[in-house]
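Residue numbers (the UniProt record's numbering), protein chains in the order written: chain X, 1 to 443; chain R, 1 to 443.
Keep in mind that the hints are not guaranteed to be accurate.
Remember, identical chains collapse to one label, so a pair may be satisfied in a single copy or spanning two.
Unchecked claim - Result set (EDC-like, lysine to aspartate or glutamate): computed pairs, CA atoms no more than 16 Å apart in a straight line:
1. LYS111 x ASP385
2. LYS200 x ASP77
3. LYS200 x GLU345
4. LYS346 x GLU14
5. LYS92 x GLU187
6. LYS196 x GLU318
7. LYS286 x GLU193
8. LYS45 x GLU439
9. LYS153 x GLU168
10. LYS311 x ASP342
11. LYS243 x ASP435
12. LYS196 x GLU3
13. LYS27 x GLU296
14. LYS311 x GLU88
15. LYS243 x GLU411
16. LYS78 x ASP47
17. LYS85 x GLU338
18. LYS196 x GLU218
19. LYS27 x GLU318
20. LYS286 x GLU434
21. LYS27 x GLU369
22. LYS27 x GLU164
23. LYS243 x GLU423
24. LYS311 x GLU239
25. LYS346 x ASP71
26. LYS15 x GLU274
27. LYS286 x ASP435
28. LYS229 x GLU322
Note that these hints are calculated values from the structure, not bench results.
2 protein chains.
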Amino acid sequence: MQEQVVSYALEKVEKARQTLRALSSLKTSIKNNTLLRAAELLDKKRDYIKEENSKDIEYAKSLGLSSALIDRLLLNDKRIDGMIKVLEDVAKLPDPVGEIVRMWTLPNGLKVGRMRVPLGVVFIVYEARPNVTIEAASLCMKSSNAIILRGGKEAINSNRALVEVLKEACRMEGFPEDAIQFIDRPEREIVWEILKMEGKVDVAIPRGGESLIRAVAENARVPVIKHYKGVCNIYVDDEADLKKAYHIVYNAKVQRPSVCNAVENLIIHRNILESFWPRMAYILGKAGVELRCDEESLRIIKNNPRLSFVKAVPATEEDYYEEFLDLILAVKVVGSLEEAIDFIEKYGSKHSDAIITENYTKAMRFLQEVDSAAVYVNASTRFTDGNEFGLGAEMGISTDKIHARGPMALEELTITKFVILGEGQVRDNVGVPEDLLSEALQV
Amino acid sequence: MQEQVVSYALEKVEKARQTLRALSSLKTSIKNNTLLRAAELLDKKRDYIKEENSKDIEYAKSLGLSSALIDRLLLNDKRIDGMIKVLEDVAKLPDPVGEIVRMWTLPNGLKVGRMRVPLGVVFIVYEARPNVTIEAASLCMKSSNAIILRGGKEAINSNRALVEVLKEACRMEGFPEDAIQFIDRPEREIVWEILKMEGKVDVAIPRGGESLIRAVAENARVPVIKHYKGVCNIYVDDEADLKKAYHIVYNAKVQRPSVCNAVENLIIHRNILESFWPRMAYILGKAGVELRCDEESLRIIKNNPRLSFVKAVPATEEDYYEEFLDLILAVKVVGSLEEAIDFIEKYGSKHSDAIITENYTKAMRFLQEVDSAAVYVNASTRFTDGNEFGLGAEMGISTDKIHARGPMALEELTITKFVILGEGQVRDNVGVPEDLLSEALQV
Chain X
1 MQEQVVSYAL EKVEKARQTL RALSSLKTSI KNNTLLRAAE LLDKKRDYIK EENSKDIEYA
61 KSLGLSSALI DRLLLNDKRI DGMIKVLEDV AKLPDPVGEI VRMWTLPNGL KVGRMRVPLG
121 VVFIVYEARP NVTIEAASLC MKSSNAIILR GGKEAINSNR ALVEVLKEAC RMEGFPEDAI
181 QFIDRPEREI VWEILKMEGK VDVAIPRGGE SLIRAVAENA RVPVIKHYKG VCNIYVDDEA
241 DLKKAYHIVY NAKVQRPSVC NAVENLIIHR NILESFWPRM AYILGKAGVE LRCDEESLRI
301 IKNNPRLSFV KAVPATEEDY YEEFLDLILA VKVVGSLEEA IDFIEKYGSK HSDAIITENY
361 TKAMRFLQEV DSAAVYVNAS TRFTDGNEFG LGAEMGISTD KIHARGPMAL EELTITKFVI
421 LGEGQVRDNV GVPEDLLSEA LQV
Chain R
1 MQEQVVSYAL EKVEKARQTL RALSSLKTSI KNNTLLRAAE LLDKKRDYIK EENSKDIEYA
61 KSLGLSSALI DRLLLNDKRI DGMIKVLEDV AKLPDPVGEI VRMWTLPNGL KVGRMRVPLG
121 VVFIVYEARP NVTIEAASLC MKSSNAIILR GGKEAINSNR ALVEVLKEAC RMEGFPEDAI
181 QFIDRPEREI VWEILKMEGK VDVAIPRGGE SLIRAVAENA RVPVIKHYKG VCNIYVDDEA
241 DLKKAYHIVY NAKVQRPSVC NAVENLIIHR NILESFWPRM AYILGKAGVE LRCDEESLRI
301 IKNNPRLSFV KAVPATEEDY YEEFLDLILA VKVVGSLEEA IDFIEKYGSK HSDAIITENY
361 TKAMRFLQEV DSAAVYVNAS TRFTDGNEFG LGAEMGISTD KIHARGPMAL EELTITKFVI
421 LGEGQVRDNV GVPEDLLSEA LQV
């Protein structure tokens, strides 16, 4: 059994690897045509996709999974339209491969440049969201990477059907279809095996809940790019435009609380506690948000009879570390920008943090000193997303410091190599001595 | 004992970490002044440095270390001049921190940009080469990273003296001196401990022999950027300018055979075997190079009485994988560019590979398809080096695919974060509903 798993995993990886050379010099037009063909096939085969998806939905129901999870799993026409749009969007993006990002000339005439090249074999591990199959595969196809897809087992029929469509498009357009490998067996050991294949798998990208990501990171010998969780903070400075603050905090907490770029901690400058906080608390309370407050912010609510309807409780230390993913917000009062940055450094997860202020110097300091993947001035943290940022799609989000920070898209699926164009240059001018060369030419 | 090691390691790392915020907004002038001050102090304290170094040299002799190793350890005036020059050169390089590498505007008016920021805490593990202390520390100082230095124990007195000089310069110029941490105890366990501090150490960079690098990679939970070895290849195409080939192969093998960018495998197109190879073999033979040949290339030598002096033996399969680091060259005859690229893919180490050709199309194909950190046309592989490429200095070389490939310098010690400048934007235009806002303003 263990042996079977190893040989299955190895076969998938080797097959993917064998396509790398062909991928590296594949014409952009072939890549784009394949993506557009896949979009067309997806449109034609809606019924088949939905049929396969319904098997997954039934199975999920039989397991008694939550309705939220079943909703994420569901493929209806609107979601299929969304996947078609991703394929078309990625086809439109410029091809990153082969781009010379910079080239300079050395005093000896050597031209040294950096050329963008694919990473190689990308292993993506994700949960029961079939749309990730299309997003991840299309980005890898466009950036000439081979991809190994391992989705949640609850979505296995949907994912298999989507991969079939992609592969059919590959065959029609001359794209090496083995560049897309799909793990169609449920054993978790397959994942651990692939994560150990240093030198054969170039990077692993886990997408999903914190426990999945921790399991991947802990089992990997190959490089992993990841983010564990999103404990995002908004700091409302005493020089904030309060109207902007109401809208931004509301948006960041209420519009979609279940995602990683929603705000979890609200930090308020003491000077505006009386003017800003009762109104903000009123708005959040009306929106059904539970507030976990420090002493000062709690007192304001408890002392104001017009806020008696607001659900507000004292915050614990743990609350500030917590990714609620729900209509819950932790609140902290500070006396300065420094204190706010200290708070973010201590409790935040280096994902997305915002300052609301009209003060130029404080805005600049916040941008520079807050060490997070995305740092905002006067905007909602909810924008942290490959699509929103204009990157076309998203492979995942990184809060690591190596290779990529923030939403990852095409560029993050490449790396530059050095290319050097010479005309016979040798180091330190040490060539064959003249007399030795003339002797040699007599041989 | 184990506990002592852990607390020692933790203290070093925590001290380094505490400087990160101050480093992130340190003015470029302070960084440059500190580097220049260190250069000045190094010049003044030559005698002290050489004295401390002589303790290491004596100890190394008492251990019976090889003269090559003792030579690398030695600090004479010329080498101290070299370190002074590194400090001055790094001071002259542009500061990468805070650079906005790109900024664009979204349809909603949000400005999204990528800002270069330091990695954080960099852990460098190296062997008994004191110059690495200065190179690594100066690059980290300029890029606002904190550094933990762990050099070979044979160089401990030299390294300690160099670090003292750096710290004195820090104190004089207002640079946070704890940003430079020096491991002054010999236990290897300290290294393994630090390599496990995920989230506290942002990257580990091992520099040295393959066994050191493997040990670091295998023990690390933190990201590692590395290269194991340099099995560099030169392919002499049948459309090569043979004169260029003689000089380049000679330079790449003979000028300094003990380094990772020296050539180890020579690949020759069959069509020029008769014209090129006897002369090249003559030159290499005269330079004292031992040739490990495949059948065809060996026959040419054995059949030519004028080459009877050449040391040539049959190559084994292992020879082509080997990093000789010596006056030894493995030779292989191929029938096409494809075969040459296949050979490089199989036996090379993805470090530096060159083609010698006058044919444009073959040159372009080689550049695109050879998957190595540095790919050359008509130049010696010996140029793969941060200084030679014009990067100012070198933190190490990466043959990994993640974060950096090839020589690493200032830019590779940074990563970009997203900075977003708004004027109150909220996602999907979901702000506080108007009536709720008016109500709230009455509170």
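Quick one: which hint numbers does this structure break? Sort them smallest to largest. As far as the earlier hints go, 2, 5, 6, 7, 8, 9, 10, 13, 14, 15, 17, 19, 22, 24, 25, 26 are violated by this structure, in ascending order.
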